[in-house]
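J.: Below, each chain spelled out in residue letters.
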Amino acid sequence: MSDRAVLDAELADIFRDCLDAPALALRPDTRLRDIAHFDSAKMVMLVLAVEGRFGVRLNSREIDGLQRFGDWLKVLRAHGAGG
Amino acid sequence: MDTRLPVAAARRSRYLWSRGVGWGTILDGFVSCGRDCEFGLFQIAHRANSLSLLKFARMPNEGLPALIETGLGDLAAGACALELDPRPRGPDGPIEYVVVAPRYALELHTAQNVDVFAPDAVLATQRGRLALLARKMRDDIEEGRRIFLCKSPQPVDIAIMRAAAEAIHAPAGAALLWVTQAQDAADTGAVEALGGGLFRGFVDRFAQDAEMRTISHEAWLALCYNAARRINRPRGRRAAS
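Chains D and Y supply the protein sequences, listed in that same order. If you use my numbering, the first sequence closes out at 121, no skipped numbers anywhere. If you use my numbering, the second sequence closes out at 268, no skipped numbers anywhere.
Be a bit skeptical, because a hint or two may be false.
Partial list, derived from the structure: chain D residues whose beta carbon lies under 7 Å from chain Y [claimed, not checked]:
no. : residue
1   : H75
2   : A79
3   : L86
4   : S98
5   : D102
6   : L104
7   : Q105
If you're looking for bench data, these hints aren't it; they were derived computationally from the structure. Cβ atoms here follow ideal geometry from the backbone N, Cα and C, with glycine treated the same way.
Turn these sequences into a full structure, and let the hints guide you.
T.: This is the structure we're talking about:
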C-alpha cells in the first residue's frame, strides 16, 4: 500500500471513530456538511484527533478550508504526512 | 451614490445569489465576540459553519480586551482555570454543562448534558476544545482577514469598545464591528467608521434571550453585507471614506 493510501485509510478511520459511524464511506469529494449529524463539535473533535495522530498543528485558514475529505488529505500532505 | 443593501433587499436572497454571492460565504467572514449566542445562531441558520471560540458563549463587552490580550494565550496553553456549571438549556430543555472561565467572566455552551457525560470527561474535552478555538481566534486576529463582531443591547462606554478594537486591530489591521440597536429605522443595516479599526453597525432589534425565532434576520443580513463591502475594501479606499 502506498504512503498516500495509508494516509487516506488512517484519516478515514479517524473520521469513522470521531463521528461514531463505522460504515461511513469517504471519498475525496465527500462534503463534511453532507455527513449525517455533522456539526461544529464534531469538527473540533476531528481537528484535535488529526493533529494528535499526525503531530501537526493546523492554522485557522487551514481549518476553515477543510470542507471536503480531500481537503484534509491535501493539508496533511502539505504538512509532510503520507509521503 | 448609496450602494448600501437595503433591508428589504436582504429579504430576497436571490438579490445576492444573482450576483454570485452566498450568504454562508459572507457570514463566515465574521467572528462572533460573544455577549450571547444570537449571532452564532444567525450564522448557523445561513449555513456559515466556521469554528469560533465565542460563537456560543456569553461574555460582557468589558471582558473582551483582557480575553484578547491574555485570555486567548491562557486558553491555548491550557493555563486558564475552568469550572463546570450545570444549567438548563432553555425553559424546558435538558441540563447542560456550561464551562466557565471565571477570570474572564466567560461562559460557553458545551452541548454536553449532565445525564450523559461525567464531569471529568467534559472538563478534559472542553480544555482541548477551548485550546484549539483560542488558538484559532488568535490566528484570525494575527491574519487580520476577518471581521470581529460584538453586540451590545445595553448602552456601553465607547472607551471599552475602543480598547477592544485596539486589541483586535493592532496586530494586523482586523476590524471590530460593534452592533447596537438603531434609534431610527432608516439606519438599520448601516455601518459607520469610528476610527482605529472600530466600526458601528445597526440592527432594528436584538433577539429575545438569543432565541432563533426572534432573530431579526433581514436586518442582520443587510448589516453583514454592508459591513463586508465597507470593511473589506482596500485599506486606502477605506481610509479615504
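J.: Confirm or reject each hint.
T.: A quick look at each hint next to the structure:
With a cut of 7 Å, the hint placing H75 (chain D) at the interface with chain Y is violated, because the nearest CB-to-CB distance is about 12 Å. The beta carbon of A79 (chain D) comes within 6 Å of a beta carbon in chain Y, closer than 7 Å, and the hint placing it at the interface holds. Annotation: L86 (chain D) was flagged as interfacial toward chain Y, and the flag holds, the nearest CB pair being 5 Å apart, inside 7 Å. Interface hint at S98 (chain D): satisfied, since its Cβ lies 4 Å from the closest Cβ of chain Y, which is below the 7 Å cut-off.
Hint on D102 (chain D) holds. Least Cβ distance to chain Y is approximately 6 Å, under the 7 Å limit. Given the 7 Å rule on beta carbons, the hint for L104 (chain D) is violated: about 10 Å separates it from the nearest Cβ of chain Y. About 9 Å separates the beta-carbon of Q105 (chain D) from the nearest beta-carbon of chain Y, more than 7 Å, and the hint is not met.
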